[in-house]
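Visitor: Read off the chains here:
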Amino acid sequence: MLWQLDLAILTLVVIAAVGSLMVKDLLGAAILFGAYSFMMCLLWTIMGAVDVAFTEASVGAGVSTVFFVAAVFRTTRRTKD
Amino acid sequence: MKFLGLVIAFITGVFLVYAAVDFPDWADPESPASTHVSPHFIEKTMEETSVPNIVTAVLADYRTFDTMFEATVIFSAAVVCFFVLRTFLKKEEREERLYRHVLTGVTIRVKEGGRIPPSDDFERIDDSWIPHDLIIKTICRLMVPFIQIFALYVVAHGHHSPGGGFQGGVILGASVIVLAMSHDLRTTLQRMREKVVGILCAVGVLLYAGTGALCLLLGMNFLDYSALAPILGVGPVTARSHGILIVEIGVAIAVMTAMVWIYNNVSSRGNYNEGL
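Protein chains in written order, with my numbering: chain A, 1 to 81; chain B, 1001 to 1276.
Everything labelled a hint here was simulated from the structure, so no lab data went into it. Just to be clear, a hint being listed does not mean it is correct.
[Stated by the list, open to error] Cβ-Cβ distance ranges computed for the label pairs, FRET-style:
no.: 1; chain 1: A; residue 1: R78; chain 2: B; residue 2: L1004; range: 38 to 48 Å
no.: 2; chain 1: A; residue 1: L7; chain 2: B; residue 2: W1129; range: 42 to 52 Å
no.: 3; chain 1: B; residue 1: G1105; chain 2: A; residue 2: W3; range: 51 to 61 Å
no.: 4; chain 1: A; residue 1: R74; chain 2: B; residue 2: I1116; range: 38 to 48 Å
no.: 5; chain 1: A; residue 1: D25; chain 2: B; residue 2: L1232; range: 51 to 61 Å
no.: 6; chain 1: A; residue 1: R77; chain 2: B; residue 2: G1219; range: 50 to 60 Å
no.: 7; chain 1: B; residue 1: T1012; chain 2: A; residue 2: T79; range: 21 to 31 Å
no.: 8; chain 1: A; residue 1: D6; chain 2: B; residue 2: E1123; range: 48 to 58 Å
no.: 9; chain 1: A; residue 1: R74; chain 2: B; residue 2: A1156; range: 27 to 37 Å
Where is the CB? At the ideal position from N, CA and C, for every residue including glycine.
With the hints as constraints, model all of the structure from the sequences given.
Guide: This is how it looks when you write it as structure tokens:
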């Protein structure tokens, strides 16, 4: 695998992870967390763990994002801290 | 306080990095896992279980206790969501009901004791009801069967390709959630009632544990599927392959209904009326 691609995806993982912690808007944090999961899914695929990547794509990027969005809709969209 | 938290996080990070140095290198042939664990799985999986996908064989046969309790964890998460969030409406809140005439869009309010003639022309709605978008509704309706077929393929084909009970179950649950998001929760609950969801969730875990108990009754170890050979009428190796499929189906049922159950409770704040 190209090391440039590896590096780009790793950088995006870090950016998405820090971003989802820093963003005040919880809906944006949920979407960033979904992006983080998808980048992790790509990383698993690069490392050859296709089963784990499949789980990450379906659970992490798919359903858990929906749960987060549902929870944000039913509570509040801004964080207090 | 924030500074203190940063310091603690930094020190923990340093320790983690320090500990990670001791790990064997990525794909190191001298590491303990590569010297005796992995070679056994790679060489013996096909002759012991006749499952080409080693990951599935490890997950559902060699490390099947792990997978059983993973399914139990997901079941417990769904049950906890239900117990924490579910609320039942008080009687005075149930007095007035809103019905919408589907063809004309006229909404009528029925007071306590009143009822409408039983027909399919009226649908029950809530006061926060908004019209469904036609494009989203139609596209989602079209997509749901294909998502479900793909999910069943993922479950059934887990022996040969990436996939299995967890992934297939999540995709099956996602198809129901897509329906609930594009329409509303009432539409989904008509097709899949709350009781059915709860019972199926337990049935999935029970199918897994029951298979193990059946193996125990037939005189082998817990979840040693080769004990099922006389029941299934095949050899012990093929019985292991079939046993993996049975528990994968159990996991798929449990995971699918757990996802739907959690979504139902979270999206409607536990009162099961409108959803998102």
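Visitor: Now tell me if each hint is right for this structure.
Guide: Each hint, compared with the structure:
1. A/R78 / B/L1004: 38 to 48 Å: 25 Å, violated
2. A/L7 / B/W1129: 42 to 52 Å: Distance hint for A/L7, B/W1129 holds at roughly 50 Å.
3. B/G1105 / A/W3: 51 to 61 Å: Distance hint for B/G1105, A/W3 holds at roughly 59 Å.
4. A/R74 / B/I1116: 38 to 48 Å: 30 Å, violated
5. A/D25 / B/L1232: 51 to 61 Å: 54 Å, holds
6. A/R77 / B/G1219: 50 to 60 Å: Given a distance of about 59 Å, which is inside 50 to 60 Å, the answer is holds.
7. B/T1012 / A/T79: 21 to 31 Å: Holds, at about 23 Å.
8. A/D6 / B/E1123: 48 to 58 Å: Since A/D6 and B/E1123 have Cβ atoms about 52 Å apart, the given range 48 to 58 Å holds.
9. A/R74 / B/A1156: 27 to 37 Å: Check passed, 36 Å falls within 27 to 37 Å.
In the structure shown, a violation is registered for the earlier hints numbered 1, 4, in ascending order.
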